[in-house]
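So the chains spell out like this:
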Amino acid sequence: MLNQLTISELAAKLARREVSAREAMQSCLDQIARVDGKIHAFISHDAADALAQAEAADKELVQGCRTDKCLLGIPVAVKDVIAVKGQPLNCGSKILGNFVSPYDATVVEKLKAAGAIVFGRLNMDEFAMGSSTENSAFGTTKNPWDTARIPGGSSGGSAAAVAADECIASLGSDTGGSIRQPAALCGCVGLKPTYGRISRYGLVAFASSLDQIGPFTKDVRDSATLLGVLSGVDPRDSTSVPQPVPDYAAALDGNIHGLKLGLPKEYMIGGLDPEVKAAVDAAVKQYEKLGAEIVEISLPHTDYAVATYYIIATAEASANLARFDGIRYGLRVEASDPTELYSQTRGRGFGAEVKRRIILGTYVLSSGYYDAYYLRAQKVRTLIRNDFLKAFETVDAIVTPTTPTAAFKIGDKSDDPLKMYLSDIFTISCNLAGICGVSVPCGFTNRPKLPVGLQLLGKPFGEVTLLKLAHAYEQGTGWHREKPPLGPGA
Amino acid sequence: MAAAEIDVKYVAHLARIALTPDEEKKLGAQLGGILGYIEKLKELDVTNVEPTAHAVPLVNVTRSDETRPSLAHEDALRNAPRQAGGLFIVPKIVE
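These protein sequences, in sequence, are chains L and Z. Whatever position you read off the first sequence (first residue = 1), add 1402 for this note's numbering. Whatever position you read off the second sequence (first residue = 1), add 188 for this note's numbering.
Hint data in this document are derived by calculation from the structure and do not stem from the laboratory. Hints may contain errors.
To be verified - Per label pair, the in silico range of CB-to-CB distance: (1) L:G1813 / Z:V249: 40 to 48 Å; (2) Z:K197 / L:E1698: 44 to 52 Å; (3) Z:H242 / L:D1432: 39 to 47 Å; (4) Z:L259 / L:N1500: 16 to 24 Å; (5) L:S1700 / Z:P239: 32 to 40 Å; (6) Z:H242 / L:G1813: 32 to 40 Å; (7) L:P1887 / Z:N236: 53 to 61 Å.
Unchecked claim - In silico DSS-like pairs for lysine-lysine, Cα to Cα no more than 30 Å straight-line: (8) Z:K214 / L:K1496; (9) Z:K280 / L:K1815; (10) L:K1662 / Z:K197; (11) L:K1792 / Z:K280; (12) L:K1667 / Z:K228; (13) L:K1691 / L:K1667.
Stated by the list, open to error - Pulled a few chain L residues facing chain Z out of the computed Cβ check, cut under 7 Å: (14) F1501; (15) A1709; (16) R1734; (17) S1745; (18) R1748; (19) Y1765; (20) P1819; (21) L1820.
We put the CB at the ideal spot given by N, CA and C, even for glycine.
This is chain Z alone, in the form it adopts within the complex (with noise of 0.2 Å):
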């Protein structure tokens, strides 16, 4: 895919952020220029290379599923920017 092709518009859609007309435009042609650049990683050859996720390999690290103390339910409330009985409020997200 050509890296000057990305849709701003639909991309800032799912990442749930509004941008002004000037920021889409702005940011499409700087976009386009990281992805052209970014466009060198096809040069090389991946096949058989295993992906790292994480530099340190570190698998299945559990704790005993036990109840310990936790953030008092005003403290976790304290920054909220809106809250009533004890409870953070949003819009309503069903009819």
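Pulled out of the complex, with its shape left as it was, chain L reads as follows (with noise of 0.2 Å):
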């Protein structure tokens, strides 16, 4: 079936015209139309606009391989926070009504430019706050390994549409762990690359300082191509880093000899499960098997970090989240003065979770606690940050666990957001530290068997050897090769 196959293999059968790119989208829309009434990954999709665009990629294909464009005729398909021209974008809130893009955001325009069929709109936790998707105003996405439970999140749909088979590698954003814990929660590689890596002009913002878009692949081989094609700097966003791009997927070669990984003392916590211990237990011996070094270090502020980023996200929220006040887009509750428009459209378009976050950003903003809350916080960052800058003094790479335990059952969490926060303890720090991390599957808990995420966390601009050792480890198991039972008919 061309929707399970992966970038490399469907490339490769698209250049010797086995299959067309329509066989390939037409897949993808079978499987949606097989599987999507029971997972939910996507909020809307446009077929005919795939199965057009299938065609167009069909007929350059037939005048023959196209080495400069290496996505042609590749089904990706995209979070609902990012920009495409023409389609709706919601960011699974109400709020937006029925906004449809005018532009395309850079990292799409890259896409169209490497020829992939850019196609659905994936669910997500509205405004991308919150680990579960629950928070989206377009109901919850299920994991395919287990509809009872959560896919994680927030870009809960685009890791369980890539694990479903409904799309062949789909796009996420990362703010404190968004791309990394839905992928290890449901089986597929997500990478959060370096901030600043690549452009986030026409993704919607949450925290600008931590905002990253990434890929969800089904091999760690995918993701190095994707970055490849999404990374660069771009001029309508000032953040984006004037890095140079290498050639991500021709360094994967397996030799990871030599390189060493830290193991944090930090992150074997009492709430860590004891079968998501014994798979990163295991990956961490097999990398002493393929030749790397492992060490143990400390990163002695990793406590801190759930509260640093719970201050810091929550305050650049409501200053980003201000836009939306009724008048230029989206829902318009009518009143008789602007300050009362505001308040009532703000108050019926968004939901609980980002009233509380815009409400508590707000707060640690205010006069009188700016010092105490958000000045502290931004100062917490910097140790933080020092603690990951001196352990890559001597490790070139980091491993942990992406999450404490397995996916957990809807509901479970909905109503503790305290608890929520802390399911995202191994991934926050990354984010504040601006480095780079990527989840890739190391295994199954017993019963029910659902996936286990290894992380690796990596030097700024490190994304080299970060994917070097992801794919040296993915190299030697299966598990990403393992698909949920969604059955036929499902």
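Starting from two chains that each stand alone, build the complex the way the hints lay out.
Given below as structure tokens:
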């Protein structure tokens, strides 16, 4: 089945003209028709537009191999927070109403220029605030491995769609773990690149000093391929960094001999599930076998990361989400004066978690509290970043579990925001430090069978080494090839 | 300051979010809990620590001040809840 292939497998078949892009796209659409009623990874998708793009790709493919278009005819789906011209954009929220994007995000321009079929609006926690997709105004996405469980979040739709083979790859965004955590819980590869590696023009902003776009894929090679396409400086995003873009896929040679991997002692916490710990311990042993050197390290400020994050992220969100005021787009609740119009529109349009975070962010920035909360958090952020920079003086990458447990049940944490926040404990520091991180499948729990993710954290702009390490591990295991039990006619 | 002191009604007004009385009550309790957790940052000594606003220190990213193509007028108005005569329609601001 074509929808199950990786980018490299499908690209090879397309280049040999064994199959057409239309057949590949149709195969993904068939899978969506078959399983998405159960999984609900997509908020919507425009099948006619996707097939039209596929037919255009087929016309180019007839003319022969295009080395400049490495994604020609590959179906890639997009999280509902990234603008695709002419397609709806809701950020999983009611407040955007019938919004249709007037332009393409830079990452979408890049995907299209590389020949990809860009389709679908993938479900997410409202404005990327959440760890389960339960905060979506369009219903919860289900984990393909067990539909009574959450797929993770906020990019839960992006992870579930790749795991359920509804697309070949997808894009998500990661502010505190929103790519790596759902990738771990759904059993796919999720990469959060270094802050500044990928332009965020056309990504609806949540927390501007933390947000990054990244790919969800079925293996590490595809992650490297997509990173190569998406990376680079963009004059429309002044935080994108003018660093050269190496050939990430070409660097995957399987040789990690002599690389040093740090094991932070602070990550072996009480709440760590024994099965998750066993899977990560086995992965560390595998790395030793592959010739890597394992070193115990310390990241002493780990315990302060969640608190720091929930000050900085909410403060930035309170400013960024001020633009949803009912004036220029989306929902409007009419009122006799502007202040009342804003308040009523925002009160009606935002969901509970978004309100909670905007109010918390407004509070920590408000007069009299700024120094005690926001400024202090920014200083602690320096300490957290320094922990990592110091560790990277002696190690090439850091290895941890991606999440403390496998996927939890729908409803388990939705009434306790703090409990939900603490499920991001292993992924949050990476965004605060601005480094890169990837989650790769490293095993399963026993009963029920649920995916476990291994997180690798790399130096700023250290994606080559990071992906080399992830790829070398993946080559020695078959975890990433296991498929969820969706069954025929699921 | 004690964490539980948050005046939800006032902060929601600053944030321009209308809350129902039920929402106010629920948020007050939840935010009290979250702020209580956040208090742990006070354990750390941050004297002489510089704040980090951005992880990648980029300064003075500028471009030349030239006219460039931008979003067409009709595209900018297309998603407006109310528009007329090429403008966004808003409630009266000045009496």
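Cross-check of the supplied hints:
1. L:G1813 / Z:V249: 40 to 48 Å: holds, 45 Å
2. Z:K197 / L:E1698: 44 to 52 Å: holds, 50 Å
3. Z:H242 / L:D1432: 39 to 47 Å: holds, 45 Å
4. Z:L259 / L:N1500: 16 to 24 Å: holds, 18 Å
5. L:S1700 / Z:P239: 32 to 40 Å: With a Cβ separation near 23 Å, S1700 of chain L and P239 of chain Z fall outside 32 to 40 Å, so the hint is violated.
6. Z:H242 / L:G1813: 32 to 40 Å: holds, 37 Å
7. L:P1887 / Z:N236: 53 to 61 Å: Since the Cβ atoms of P1887 of chain L and N236 of chain Z sit about 56 Å apart, the hinted range of 53 to 61 Å holds.
8. Z:K214 / L:K1496: OK: K214 of chain Z and K1496 of chain L at ~21 Å, within 30 Å.
9. Z:K280 / L:K1815: Violated: K280 of chain Z and K1815 of chain L sit about 44 Å apart, past 30 Å.
10. L:K1662 / Z:K197: Violated - the C-alpha atoms of K197 of chain Z and K1662 of chain L are around 52 Å apart, more than 30 Å.
11. L:K1792 / Z:K280: violated, 57 Å
12. L:K1667 / Z:K228: Measuring from Cα to Cα gives roughly 20 Å; hence the hint holds.
13. L:K1691 / L:K1667: Within the cut-off at roughly 21 Å; holds.
14. F1501: Because about 5 Å separates F1501 of chain L from the closest Cβ in chain Z, which is inside the 7 Å limit, the hint holds.
15. A1709: holds, 5 Å
16. R1734: This interface hint holds because 4 Å falls under the 7 Å limit.
17. S1745: OK, holds: S1745 of chain L within 7 Å of chain Z, min 4 Å.
18. R1748: With a closest approach of 5 Å, the R1748 of chain L hint holds.
19. Y1765: Holds - the Cβ of Y1765 of chain L comes within 7 Å of chain Z, reaching about 5 Å at its closest.
20. P1819: holds, 6 Å
21. L1820: holds, 6 Å
This entry does not satisfy hints 5, 9, 10 and 11, going by the numbered hints stated previously.
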